[in-house]
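Chemist: Residue-level listing of the chains:
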Amino acid sequence: MKNIIFILCFSMGCLYSSAQAQNDTAPEKKNTSQWNNAIVDKHIIPAYKALETSTQQLKQSSEDFCKKPDKQGFIQLQSAFINSLAKWQSIQHIRFGPIENSLRDFRYQLWPDKRGKVNKHLNKLLIAKDSKALQGDKFPHGSIAIQGFSALEMLLFNKDSSFQDFVTQGNSNYRCDVALAITNNLSRMSTGLVTDWAGDNNSFRNAIATAEQGNSYFENELEVSSNLLNNLSTQLILIVDYKLDRPLGKNIRKSIAKRAESWRSRQSLSNINNNLVALKALYETGFKPWLKNTQLKQQIDTSFAEIHTTMDNINKPLYEAVKDPSLRPVVLELRRKIAKLKQLCSVKLPAALDLPLGFNSLDGD
Amino acid sequence: MKKIITLLAGICLSTSIHASVSKQDVINHYADLAHAMYEDSLVTAKKLHNSVQTLVAKPTEANLDAAKNAWKESRAPYQQTEAYRFGNAIVDDWEGKVNAWPLDEGLIDYVSGAYGFESDENPYYTANIIANKNLKLSGRAINASFINKELLSETLHEFDEIESNVATGYHAIEFMLWGQDLNGTGPGAGKRPASDFNTKKCTNGNCDRRAAYLLALTELLIDELDWMTTQWDTSGDARKGLMAVNTDQAIATIFTGMGSLAYGELAGERIKLGLMLHDPEEEHDCFSDNTHWSHYYDAKSIQNVYTGNYTRIDGSSINGPSVSDLIAAKDSDADKDIKKRMDTMMAKMQVLVDSAEKENIAYDQLLAEGNEQGSKKIMAVVDSLLETTKGIENGIRILKLETIAFEGSDSLDAPEKVE
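Sequence order for the protein chains is A and B. The letter at position 82 of the first sequence is residue 1102 when you use our numbering, and the numbering goes up by one with no holes. The letter at position 215 of the second sequence is residue 221 when you use our numbering, and the numbering goes up by one with no holes.
FYI, nobody ran anything at the bench for these hints, they're computed from the structure. Worth double-checking, as some hints may not be accurate.
[As the list claims (entries may be wrong)] Pair ranges (Cβ atoms, derived): (1) A:Lys1278 <-> B:Glu375: 50 to 60 Å; (2) B:Lys197 <-> A:Gln1155: 33 to 43 Å; (3) A:Ser1151 <-> B:Glu160: 32 to 42 Å; (4) A:Ile1095 <-> B:Glu124: 24 to 34 Å.
Every residue, glycine too, gets a C-beta built ideally from N, C-alpha and C.
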């Protein structure tokens, strides 16, 4: 019922309030610009570019398949989906900036979908066969539930999905039209992200690079660092509380495997792995270099390594593992280890870096 | 499932306090306000129960309308308590019993075909308690031949920890009184006929069980609100909980309640998501189309807590020391700024109210796809809530309630909770 996931960590309150008055007591002034810029250039922009490339390939695969639907093309399309999903999961943690424009964050993927909206809205669309709704100027403004990975996965990986759904009578051609609309949408959004981040002088990259003087996006460079740190912490909360706890349930009998992210394509664990690889890169590029607490550094390194080892011991999809008496304990072990990392990054790291986390967007019912 | 917020007070202590208002005064008054609001909620819930008894005894359309009005009146004081939910663990652990939302109404009663037949999230999506004396849930046979408070609250509510299995509370009552709103994003709310409760000329079957269900719901609501009102008495646990921690921590709790209601809950979960889906089911009061008032009074709740003012259902008002005074003593411009942000928030909420009450365009019509004017009105509310959140964050900084940490997650607090 309640997921009051709150992180109020205003230990840096003093730093944001009038610096003049507090100069004598304020800690030594730090400048985090270079680390923020490193995150942008080495981590964020390359990841969005990879997403752009992969979604272009996905769009191409869907066009090829829909011209001549056959088994081989379908398998090719499914594999392009999995590749694009992996690229999305590698940048899912960035929750500010251009991803917020035009509701892109939700249009890429509505998840968790606690009210089953993807299923409902997709079925409604398939029954209505409304081709106007799929037009390029209309589709992005409709329900966010059917515009991204969740809806596409449902089309491509439903239990009985096969290439024949796309050719036989009934919904045949329209099903392909929907797939094309979604892949086109994903590809356009990804290109938009790359342009908005790295396009020209008005790019978001530039806003971060000039944050030190303050601009319309950021008061100063520490606000950028705080946002990035918040994203690191929020993603770990998402993994533990949503990606693992919800399918796990309180015990094996009460596990609900269908609450796992991307369960239809059996990518749940792969998603988590991609998230963690990305979080590690974010941490190592932008925070570890100026973290002075060597004990905490050691703890975080160990934590990432232990998670990796445990992950390797789960040799079935999460969808099966949560209900498998021999694997469930390993999943629980994984969860404990990620929860430990979550604590390190949400509590100890902000304190050690003297950065505030602010309110957390996952809060709410 | 419960996440408990613990806001630990910061290390820097405030150096000066406004001469006339102490933190302790603010905390005391905050608890007094809560008591008044829950008491008003209880009084209006009793009126609702009376009108439901009349409806069940004599199921006429006029009596159904009277019960609907009583429900709407009961929502006004309750929604104003919502700023107490986040931050006060005792409220948060409890509130799902009375205000859980959204619900899979197919668990309770008959639904239309458009509702669908299954859900990834909930295996009991169409269990229909009212039509089934014997339920088989999660491999367990459940005797539902007698519908009473225990069956609803102890067995069925949040069955299998599934959040949308809402068997009790305001929204279940709302569904019982209005039924499903089948008008999509067009005009009109749910249209359950009064004859659904008529045991002699019953429509849609099982009218005796439906009437028993509704009665049990209003009785439960009274029990729960009575309990919560008591918790805010001078010797109640909610009040004692606030007094048990140091004053900075208690003040931080007040801010958490306001900020989390404004940001994640109201702006995000209840408002923005629905707009993005253009889905009429995604409004807080989806059966009754009373959402504009629910949102309005939620915002009012934030303003009440900040300013220490509350207008009771009898028209009298309560005023007293509040966090506004604490901030004003340190930085009067910041206090004015926060108040201004909240005034804007109320003005934007008023636009939603006027749309529904004066222009007859309900909230679920505003969020329809292609309704650009409606979308703007809703987004203006979201933006004003985000601005209010920023003001609240600033207030936290000014009072130096720098939090060392909170930890809200089961995974750290009680790893054994998951087996």
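Chemist: Hint by hint, say whether it matches the structure.
Modeler: Here is what the structure says about each hint:
1. Restraint check, lysine 1278 (chain A) to glutamate 375 (chain B): a C-beta distance of roughly 28 Å breaks the suggested window 50 to 60 Å.
2. The given range of 33 to 43 Å is respected by lysine 197 (chain B) and glutamine 1155 (chain A), whose C-beta atoms sit roughly 35 Å from each other.
3. Taken as a hint, the range 32 to 42 Å is violated for the pair serine 1151 (chain A) and glutamate 160 (chain B), whose Cβ atoms sit roughly 51 Å apart.
4. A C-beta distance of roughly 28 Å is found between isoleucine 1095 (chain A) and glutamate 124 (chain B), which places it inside the suggested range of 24 to 34 Å.
Hint compliance for this structure: hints 1 and 3 are broken, all remaining hints hold.
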